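Student: Position chain B against the provided structure of chain A, taking the given hints into account.
In order, the protein sequences belong to chains A and B.
Position one of the first sequence corresponds to residue 34 (this note's numbering), numbered consecutively onward.
Position one of the second sequence corresponds to residue 572 (this note's numbering), numbered consecutively onward.
Don't read these hints as lab results, they were simulated from the structure.
In this text the structure is predicted, and so the values were computed from the model without any measurement.
Just so you know, not all the hints are guaranteed correct.
[Unchecked claim] No more than 20 Å apart at the CA atoms, straight line, and that leaves these computed lysine to any residue pairs for SDA-like:
1) A:K63 - A:A80
2) B:K753 - A:G88
3) B:K763 - B:E811
4) B:K753 - A:N60
5) A:K59 - B:V575
As a plain string of letters, each chain reads:
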Amino acid sequence: MEQVKRVVFDEERCKGCELCTTVCPKNIVKMADRINSHGYHPAEVAAQEECISCGLCAMICPDVVIRVYRPE
Amino acid sequence: MKLVAGYPDSLTEKPFHYCPGCTHGIIHRLVAEVIDELGIREETIGVAPVGCSVLAYEYFDVDMFEASHGRAPAVATGVKRVHPDKIVFTYQGDGDLASIGTAEIIHAANRGEKITTIFVNNAIYGMTGGQMAPTTLVGQKTTTSPFGRDTNTAGHPIKISEMLSVLDGSAYIARVSVHDPKHIRQAKKAIKKAFQVQIEGKGFALVEVLSACPTNWGMAPVEAVKWLADNMVPTYPLGEFKEVE
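For reference, chain A alone in the conformation it holds in the complex (with noise of 0.2 Å):
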């Protein structure tokens, strides 16, 4: 399957830190209101339209759960 979002998070693994929604430069990183298995809200990028895939929020984040891509 075609990769075509920018921002993927591993829900599962996230513990709801908010780490990554303070460095977001286009602040669109937000806690969602589902909670996961463990019972932590995840982090979320709903407008994915305006990631500008540099990173910084997988490069703070304490548990892997976000990988970043950029188009070619």
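Tutor: Below, chain B alone, put in the same frame as chain A:
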């Protein structure tokens, strides 16, 4: 689409057991990324400590040892001397390296053992419940210093990087932090250098990484990294203390 930030090959798929916002996870990832980039995964042997990162051998997808408390540099010395062609690293916290293991790290550095040590300093004992460590800041409240660390009875924060940099056996000593992306990038650079120093056979290399412990500091993760930047960095100045050409 091209992957710009992904999951390092040198980490297993197992989710970390660390508390939310614990920066151990960032440091694990940086070490794994460096091992990937240097292409040394099949040659690397790690030594895990006692402390929160006691289960590090579950996360690094390389050959791993588990040392008793503070003795990782001694175990690594043995491994490296038996396998001089392998890359050997220890991953230790401040309770492990700067307290019970002080003798081991000083003598490993002084002998110039060709190993790499990742020293995670979060100014507190994490696993045992937030007691005062030798690295605890002056005035910092912990479960065993409820009124703050008092220098009259508990002394001053121990500065391992400065101590080791004056020894003739050490080849590369640096202190970095992981409180924001800029410093995380610098931390990765330093960790990479510390492995390269070993590959080139120059001597002992240590990177001290200032790390946050939100749970035992009693803070939310976002507050904790800010506290790290505002309080730990002034006490523990960042930079490269020694680099042998």
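Student: Assess, step by step, whether the Cα of A:K63 is no farther than 20 Å from the Cα of A:A80, and give holds or violated.
Tutor: holds (10 Å)
Student: B:K763 and B:E811: Cα distance at most 20 Å?
Tutor: holds (13 Å)
Student: Quick one, are B:K753 and A:G88 close enough, alpha carbons at most 20 Å?
Tutor: holds (12 Å)
Student: Check the hint pairing B:K753 with A:N60 against an upper bound of 20 Å on the C-alpha distance.
Tutor: With Cα atoms ~17 Å apart, B:K753 and A:N60 stay inside 20 Å; holds.
Student: Hinted pair, alpha-carbon criterion (20 Å max): A:K59, B:V575. Please report holds or violated.
Tutor: holds (17 Å)
Of the hints listed earlier, there is not a single one the structure fails to meet.
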